[in-house]
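Residue numbers (numbering that gives the first Met the number 0), protein chains in the order written: chain E, 0 to 353; chain G, 0 to 269; chain L, 0 to 256.
Certain hints may be false.
[As the list claims (entries may be wrong)] Label-pair restraints from in silico Cβ distances:
#1 G:Trp10 / E:Gly27: 43 to 51 angstroms
#2 E:Asn19 / L:Asn245: 55 to 63 angstroms
#3 E:Ser134 / G:Lys190: 35 to 43 angstroms
Bear in mind the hints are in silico, worked out from the structure with no lab data behind them. Only a predicted model underlies this, so the values are computations on that prediction, with no experimental measurement involved. No residue lacks a Cβ here, since even glycine has one placed at the ideal position from N, Cα and C.
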Amino acid sequence: MSIEIKNVYKTFGSFEALSNINLKITHGELVALLGPSGSGKTTLLRIIAGLESPDRGEVIFHDENQIPSQVKNGDVGFVFQHYALFRHMNIFENVAFGLKVRKKNVRPSKAEIEERVYKLLKLVQLDNFQKRYPSELSGGQRQRVALARALAIEPKFLLLDEPFGALDAKVRKELRTWLRRLHDEIHITSVFVTHDQEEALEVSDSIVILRSGKIEQIGSPDEVYNKPKSPFVFNFLGDVNLFHGRIQEGKAIIGNVDVDSPEHTGVSDTSAVAYVRPYDVEIVRIKDQGIAAEIQYIHSTGRNVRVELKRIDTGTLIESVLDQETYKSLNLLPGETVFLRIKKAKVYVDDFSI
Amino acid sequence: MNRYSPNFTKWIFIGLVYFFAFIILILPILIVFQEAFAKGISGYLESLQEPDTISAFLLTLKVAAIAVPINTLFGFVAAFTITRFQFPGKNFILTIIDSPFAVSPVIAGLIFLLIFGRQGWMGSFMEQWDIKVVFNTPGLIIATMFITLPFVARELIPLMQSQGKEEEEAGILLGASFFQTLKKIIIPNVKWGLLYGIILCNARAMGEFGAVSVLSGHIRGQTNTLPLQIEVLYNEYNSVQAFTAASLLVFLSLLTLVVKIILEKNIHRK
Amino acid sequence: MTVFYLSLMVVIPLVGLFFSTAKIGWEGILGVFREDRIRAALFLSFYVGSISAIINMFVGFLFAWVLVRYDFFGRKIIDTLVDLPFTLPTAVAGIALTTIYSQKGWIGKLFAPYDIKIAYTPIGIIIALVFIGFPFVVRAVQPVLEDLPKELEEGAKCLGASPFTTFWRVIFPELWPSILSGTGMAFARGIGEYGSVVFISGNIPGKTEILPLLIITKLEQYEYSKATGIAVVMLIISFSIMFLINLAQNRASRRLT
Chain E
0 MSIEIKNVYK
10 TFGSFEALSN
20 INLKITHGEL
30 VALLGPSGSG
40 KTTLLRIIAG
50 LESPDRGEVI
60 FHDENQIPSQ
70 VKNGDVGFVF
80 QHYALFRHMN
90 IFENVAFGLK
100 VRKKNVRPSK
110 AEIEERVYKL
120 LKLVQLDNFQ
130 KRYPSELSGG
140 QRQRVALARA
150 LAIEPKFLLL
160 DEPFGALDAK
170 VRKELRTWLR
180 RLHDEIHITS
190 VFVTHDQEEA
200 LEVSDSIVIL
210 RSGKIEQIGS
220 PDEVYNKPKS
230 PFVFNFLGDV
240 NLFHGRIQEG
250 KAIIGNVDVD
260 SPEHTGVSDT
270 SAVAYVRPYD
280 VEIVRIKDQG
290 IAAEIQYIHS
300 TGRNVRVELK
310 RIDTGTLIES
320 VLDQETYKSL
330 NLLPGETVFL
340 RIKKAKVYVD
350 DFSI
Chain G
0 MNRYSPNFTK
10 WIFIGLVYFF
20 AFIILILPIL
30 IVFQEAFAKG
40 ISGYLESLQE
50 PDTISAFLLT
60 LKVAAIAVPI
70 NTLFGFVAAF
80 TITRFQFPGK
90 NFILTIIDSP
100 FAVSPVIAGL
110 IFLLIFGRQG
120 WMGSFMEQWD
130 IKVVFNTPGL
140 IIATMFITLP
150 FVARELIPLM
160 QSQGKEEEEA
170 GILLGASFFQ
180 TLKKIIIPNV
190 KWGLLYGIIL
200 CNARAMGEFG
210 AVSVLSGHIR
220 GQTNTLPLQI
230 EVLYNEYNSV
240 QAFTAASLLV
250 FLSLLTLVVK
260 IILEKNIHRK
Chain L
0 MTVFYLSLMV
10 VIPLVGLFFS
20 TAKIGWEGIL
30 GVFREDRIRA
40 ALFLSFYVGS
50 ISAIINMFVG
60 FLFAWVLVRY
70 DFFGRKIIDT
80 LVDLPFTLPT
90 AVAGIALTTI
100 YSQKGWIGKL
110 FAPYDIKIAY
120 TPIGIIIALV
130 FIGFPFVVRA
140 VQPVLEDLPK
150 ELEEGAKCLG
160 ASPFTTFWRV
170 IFPELWPSIL
180 SGTGMAFARG
190 IGEYGSVVFI
200 SGNIPGKTEI
210 LPLLIITKLE
220 QYEYSKATGI
230 AVVMLIISFS
240 IMFLINLAQN
250 RASRRLT
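Assemble the whole structure, with the sequences as input and the hints as a guide.
Structural data, given as structure tokens:
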């Protein structure tokens, strides 16, 4: 099933939750709706699910053969952040619910229901838990049941609303990987909402970044991370250092450092800002080959070393991340003056403010 | 996508609610006033000035004025002890506090009669000291105290439970004495719940009928509280006077409800 | 200090009752059942108590549902009025209801042509008890209904359940413990109610005499032990019923936590 969202607008009272949303999700894709709180991502998901209706615009569904298709309740697999399992039913009954409530003529036989539920529980690795009740399960287990329940009805697509938001970090990571593998196996069109950029980058085929109800960028994880279209996207997907400078024919000049900026080849002499990831900030001890900065603070996180520096010319704080080897070879101490080079940057003209 | 539209059933239900609300809740209020004013405003005012009615009213006030503050104090102390200290038998005490609710008021009256009446256990004791409890005011007060015991406590216990003692602990660590903590931290926090409990307690104290009926002696002008006076007047087919007295209590009742609305607004603001 | 006051006010009376029971002994209790009039009152009180509790269960649930889930003109007013039976003195309720439902009353006269009497019959008692017990079910169900997460309904809907199925299989089981508890309280209140019933019932022995009134009558006749006996029997039966209701409620709510 493919999903096409056309010109969707939604307002709640005076709050504009979504404006001018246009989006195509192809059959079998796993798409992440990423954005900060209030960006409209959950509203969009709920509109796709039919739990809300758009003020303007429409959502059109096509099956694998490009034929427009109607989607009703019972066709949508929805997984909530807080599981929404039925507390008074055991695991088996929860998963079987969608099948048991079907109208007589489409309801599977009792034996068939049992078989399907068992297969699904096996898929989510909870086949021994049939008779248990939700209150006896951990958060991660409950979410797996919620997933099984949604899949039981053989939905046309799967929608997940911050599915791992209520779980601890480790469980979250495990389930993330697990969801990706599940999707590789089943290939059901899936859309999930998250505010965790790492999750979106790791799990999805394609990311839709939302901000204040509008789409900022759509692309594969590689695209949005390495070719962010706006400072907001860049900033949202990771830590960032800002270097102000000027663009001269395809090169951004910051102090006595310059950075290649091929997308601005035609531009001359405009002020610009270079967005640089901490691990793209190189530290050298050779004068005149970098921007002078004084080391404020050094902190080893075990994996890497974080170095906080203060630029001597502007006083701006810059963060650099080094791997253990580089750090050891440089022998850095707080208070020392060193020089910064930029390995890679994304340059934006016309000082966008975030 | 389809979304089910419950509009039809919704309006049927709302209609039913209007219907029942009118019959069950509103009609009684209306009829009290209709009967009270059956002889016009002058009839109403005249009934208000009946000496027996006035003394019944005063007696009711007197009983409430004693029972309510005592039970408030008790409720506050009990709630504080229960929610702030650990001790065995908490559940038992909670059940005991709730027990006046479960017991029929008539049975409550009966018990006190058995204890304090002339043929009761403490009866001879009472006679010695010439203390007349039953069929006299003290009996009414005691019965009312029993019946209304739970109200303040029941309001405060869940409230203080959910508030937690962190604020008080913070106050004490900062150097406040026990009484200062009481005055400046605890009481302001519970003041709305406390007020509501007092109002309920008072409404019940003034309106109590069953228990006082057993213990009262029904002597007009002396041991008749307002509800008992209403009964007397009604049984004498003196309906205007009965309903006039009743209207006073209806005012009290409505006042209680109004205070509740105001309190809820304030609780939400917190 | 608390314990002192408590014991004075509550424990002594309760213990007193216990001792009085002991005084009249087993004989006394059985003797209660021998008198026809008492048996009639027993049957009547529990009968009307149950019926009114059941009526309140349905009507109270309807009110809780509508007040929580719909918004309409007058909602706040009706919500507050629900507490009226709780704050209104029982005697006032008693005379008001009797007047309304007597043959000449507003509602009573609607039924008079069909020769149906409401006041001075058990039906009248049931109506009075419905009034008295009304707030209990509503106030027990309301908070539970308010806190019910809407995701449960949305989940069921996405899975294809009809509105009725969603209500019956998802929402109702969550509400059932509170419905039971509210109905239990209404029942307990109804059994012991005196003030509002004594006017509308007419107190015809054997027909419309409720237990609390019978106790008072016995007291006035100085038949203290009979009165005590009735009280004891009443308490035993109602405590047992309450206990059973509590058990059912506990079982139902155990699944939910």
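Quick rundown of the hints versus the structure:
1. G:Trp10 / E:Gly27: 43 to 51 angstroms: At roughly 45 angstroms between Cβ atoms, Gly27 of chain E and Trp10 of chain G fall inside 43 to 51 angstroms, so the hint holds.
2. E:Asn19 / L:Asn245: 55 to 63 angstroms: The hinted range 55 to 63 angstroms holds for Asn19 of chain E and Asn245 of chain L, with Cβ atoms some 58 angstroms apart.
3. E:Ser134 / G:Lys190: 35 to 43 angstroms: 37 angstroms Cβ-Cβ, so the 35 to 43 angstroms window holds.
Hint violations for this structure: none, all hints satisfied.
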